[in-house]
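Number of protein chains: 2
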Amino acid sequence: MSEFSKRVSVMANEVKNLKVLTESLVSPDIISFAGGAPAKEAYPFEIIGDIAKEVFKPDARGFGSVVYGTTMGVVALREAVRDILLKPRGLDVDIDNIMITAGGIQPINMLCQLFINPGDTILVETPTFVHTSMIYKMFQANLVPCEMDDDGLVIADVEAKIKKYHPKMIYTVPTFQNPTGVTLAQDRRKQLAELGSRYDIIILEDDPYREIRYSGEELIPIKAFDQTGNTIFAGSFSKIFSPGSRLGFMVASDEFMDKLCNIKLGTDTCTNTMTQTIAGEFFKQGHYPQHLESLKNLYRSRRDAMVKALDAYFPEGTKHTYPDGGYYVWVELPKELDTGKLAPEVAEKLNVCYGDGSIFFSEGNPEGAGSNCMRMNFSGQPEEVITENLKKLGNFFKEKLEQGGTSC
Amino acid sequence: MSEFSKRVSVMANEVKNLKVLTESLVSPDIISFAGGAPAKEAYPFEIIGDIAKEVFKPDARGFGSVVYGTTMGVVALREAVRDILLKPRGLDVDIDNIMITAGGIQPINMLCQLFINPGDTILVETPTFVHTSMIYKMFQANLVPCEMDDDGLVIADVEAKIKKYHPKMIYTVPTFQNPTGVTLAQDRRKQLAELGSRYDIIILEDDPYREIRYSGEELIPIKAFDQTGNTIFAGSFSKIFSPGSRLGFMVASDEFMDKLCNIKLGTDTCTNTMTQTIAGEFFKQGHYPQHLESLKNLYRSRRDAMVKALDAYFPEGTKHTYPDGGYYVWVELPKELDTGKLAPEVAEKLNVCYGDGSIFFSEGNPEGAGSNCMRMNFSGQPEEVITENLKKLGNFFKEKLEQGGTSC
Numbered sequence: 046m047s048e049f050s051k052r053v054s055v056m057a058n059e060v061k062n063l064k065v066l067t068e069s070l071v072s073p074d075i076i077s078f079a080g081g082a083p084a085k086e087a088y089p090f091e092i093i094g095d096i097a098k099e100v101f102k103p104d105a106r107g108f109g110s111v112v113y114g115t116t117m118g119v120v121a122l123r124e125a126v127r128d129i130l131l132k133p134r135g136l137d138v139d140i141d142n143i144m145i146t147a148g149g150i151q152p153i154n155m156l157c158q159l160f161i162n163p164g165d166t167i168l169v170e171t172p173t174f175v176h177t178s179m180i181y182k183m184f185q186a187n188l189v190p191c192e193m194d195d196d197g198l199v200i201a202d203v204e205a206k207i208k209k210y211h212p213k214m215i216y217t218v219p220t221f222q223n224p225t226g227v228t229l230a231q232d233r234r235k236q237l238a239e240l241g242s243r244y245d246i247i248i249l250e251d252d253p254y255r256e257i258r259y260s261g262e263e264l265i266p267i268k269a270f271d272q273t274g275n276t277i278f279a280g281s282f283s284k285i286f287s288p289g290s291r292l293g294f295m296v297a298s299d300e301f302m303d304k305l306c307n308i309k310l311g312t313d314t315c316t317n318t319m320t321q322t323i324a325g326e327f328f329k330q331g332h333y334p335q336h337l338e339s340l341k342n343l344y345r346s347r348r349d350a351m352v353k354a355l356d357a358y359f360p361e362g363t364k365h366t367y368p369d370g371g372y373y374v375w376v377e378l379p380k381e382l383d384t385g386k387l388a389p390e391v392a393e394k395l396n397v398c399y400g401d402g403s404i405f406f407s408e409g410n411p412e413g414a415g416s417n418c419m420r421m422n423f424s425g426q427p428e429e430v431i432t433e434n435l436k437k438l439g440n441f442f443k444e445k446l447e448q449g450g451t452s453c
Numbered sequence: 046m047s048e049f050s051k052r053v054s055v056m057a058n059e060v061k062n063l064k065v066l067t068e069s070l071v072s073p074d075i076i077s078f079a080g081g082a083p084a085k086e087a088y089p090f091e092i093i094g095d096i097a098k099e100v101f102k103p104d105a106r107g108f109g110s111v112v113y114g115t116t117m118g119v120v121a122l123r124e125a126v127r128d129i130l131l132k133p134r135g136l137d138v139d140i141d142n143i144m145i146t147a148g149g150i151q152p153i154n155m156l157c158q159l160f161i162n163p164g165d166t167i168l169v170e171t172p173t174f175v176h177t178s179m180i181y182k183m184f185q186a187n188l189v190p191c192e193m194d195d196d197g198l199v200i201a202d203v204e205a206k207i208k209k210y211h212p213k214m215i216y217t218v219p220t221f222q223n224p225t226g227v228t229l230a231q232d233r234r235k236q237l238a239e240l241g242s243r244y245d246i247i248i249l250e251d252d253p254y255r256e257i258r259y260s261g262e263e264l265i266p267i268k269a270f271d272q273t274g275n276t277i278f279a280g281s282f283s284k285i286f287s288p289g290s291r292l293g294f295m296v297a298s299d300e301f302m303d304k305l306c307n308i309k310l311g312t313d314t315c316t317n318t319m320t321q322t323i324a325g326e327f328f329k330q331g332h333y334p335q336h337l338e339s340l341k342n343l344y345r346s347r348r349d350a351m352v353k354a355l356d357a358y359f360p361e362g363t364k365h366t367y368p369d370g371g372y373y374v375w376v377e378l379p380k381e382l383d384t385g386k387l388a389p390e391v392a393e394k395l396n397v398c399y400g401d402g403s404i405f406f407s408e409g410n411p412e413g414a415g416s417n418c419m420r421m422n423f424s425g426q427p428e429e430v431i432t433e434n435l436k437k438l439g440n441f442f443k444e445k446l447e448q449g450g451t452s453c
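In order, the protein sequence lines correspond to chains A and B.
Going by the working numbering, the first sequence opens with residue 46, and the numbers climb by one from there.
Going by the working numbering, the second sequence opens with residue 46, and the numbers climb by one from there.
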């Protein structure tokens, strides 16, 4: 049978890791803390239905919603990004520098198309998002992990690794990071933008969780400190509107945007105009502030329930992050517990699943890194389900520890 | 500034060619025969609006329409592809071999991701679709043009070029080809599938126009003759539902589909579920047969008007195809006329544009090939507009000929 391209063969391990998460999303019978989808209560169904009925008519707006769109995307939605999602957050850009994409993953893929040759190096966080690692391997990049602490990427380590590995790109999820929930401190954001400029490296600021903050003060994007165009900002409507609409966006300099338009044409021509038009109207009609407020209230309670249950029920020696927003808490169990090895037993006995910690450690980490860790999603389950199941899970881990840890 | 990847630099010429077409789509003031979008009258607005209002509710179907979808796509839409678009046309496949994609261009990109390494050869038709040529160059493939006659690709030439160039893939638009409107004869379809199997080459059967046939007998897809899985079929909803929905599909063997799922995950996670759900309902509720019939009646009259006007008003020595379906007539003017060079004058004096013939001739063709040709889209303009403007255009070309042809 016809031979596959090189890019297909090098991504096998990352694909396996990603499937640990994606397969949990489509098992309706298991209580999943593994995936990362909005809560069922979080969708503005009635508003979407009303807007759709209003929009799909044989008038100018209706035609605009069913025909091919421009490569850059529907103007009304790019204006909403500029005026509602970016300017109030400290990033003031022109709509000519905003492209609407098919969800928040497409910008990652397109930026690899623009910059990455086989063998190029990308610096990533430790731990890092498994889905993007898979894309980087698809482009035959080498991944080099950088240190993180409670304030995100450690800048001194990033600079040391720039000097050692001469990377093409640095990938960061600066706000409520996936998988840890940690946020990059304000001063480090400025320093990272400056490193990008000084060493002429692309900083890919992947910021899909920024809007859903439950506590703490809002921080200015890395891109706002970028003087040279080296930082590219990627955002998403998946967390604040609907992942099924497949809408995201990226902000880049004129020079990059011109090339990104060509890449977009060669990838899928343009982003779907039907959902762009619906989302554009959603913002234009002013539904967003109230919707966002209700999202935050919903998820804040769930985060609190999860943190409380971890503190109450998990074994002594367990550490966890306290995220100010986003979807995830990162949990570090005592060293004797291997979350990946225990996952099948947890699924069978407790009917529960989580994100095995080790899958978030890219190549370049020591063997077994993160094996006692887990990514726990709190957005997808009601408080009582979180409390009840984390109690069971905590007791399960305690029992395992009494038996001497993970059996091999 | 950061260096672009190699793939970006090699596609410049094809990008320039493609922009000749795409830019005509967004100029509202010019009468365009250049692009290829459905007629404004061809969209089922009211039905789409009603379905949307019905679907976006907090019930099982509503949730399915706003969340992340499976990588393969919404089951109801894959069933519609199987039962309505493929089985009655002679291709009987399982839904596990049908993936829904973001429009009809994404399958081309994804198959390049799956098979094409830099330097691989792809055999293409002469002339061929400029948008796909751009994608092939993005993947750093070499293009080798094959001969066509009134029955499509000349099989003996394809086989000779297989032996000479050892291609990885053969790209064909077998039904109402873009740009010529020519259809590959039934016996050649079988022969092409057999060549793919015998030489272990991928046959990419790109068939977005198949449904809109105005005359002649329906032909069985190449994929129906494929015994080895070497043929991959790509289809689109852009011509029969809405390009703004960004929906297409591809049909591939199990072995390929598994890898294509990984590629889809790394490209845009999944296709938008909102428009998949609306389109799925459109088929399920039985709207398609009547909609298709009205599309065919609309476009048949426009084709007839264009062919009649070409015969009546164009200079002696003009040749053109007579397409049994699709969007385009291919016109060959007397050698003295250069359509690319005349295009600015035509736009300025007549307020009309067309697809310059030369942009559809890939690398490997002699310099200046197709310069006396043009691709004329008939689907986008009402009959009276076609008649009136082709009269003007024909007279313009006659005058030019009297003056000795294109001035240099």
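A few of these clues could be false.
Since the list gives no way to pick one copy over another, a pair counts as held whenever it fits inside one copy or between any two copies.
[What the hints assert, rightly or not] No farther apart than 25 Å at their CA atoms in a straight line, the calculated lysine-lysine pairs in the DSS-like style are these:
| hint | residue 1 | residue 2 |
| --- | --- | --- |
| 1 | LYS208 | LYS51 |
| 2 | LYS208 | LYS436 |
| 3 | LYS341 | LYS102 |
| 4 | LYS235 | LYS386 |
| 5 | LYS85 | LYS102 |
| 6 | LYS443 | LYS380 |
| 7 | LYS329 | LYS98 |
| 8 | LYS341 | LYS64 |
| 9 | LYS386 | LYS437 |
Rather than coming from a laboratory, the hints here were simulated on the basis of the structure.
* **Numbers of the earlier hints that this structure fails to satisfy, in rising order** => 2, 4 and 8
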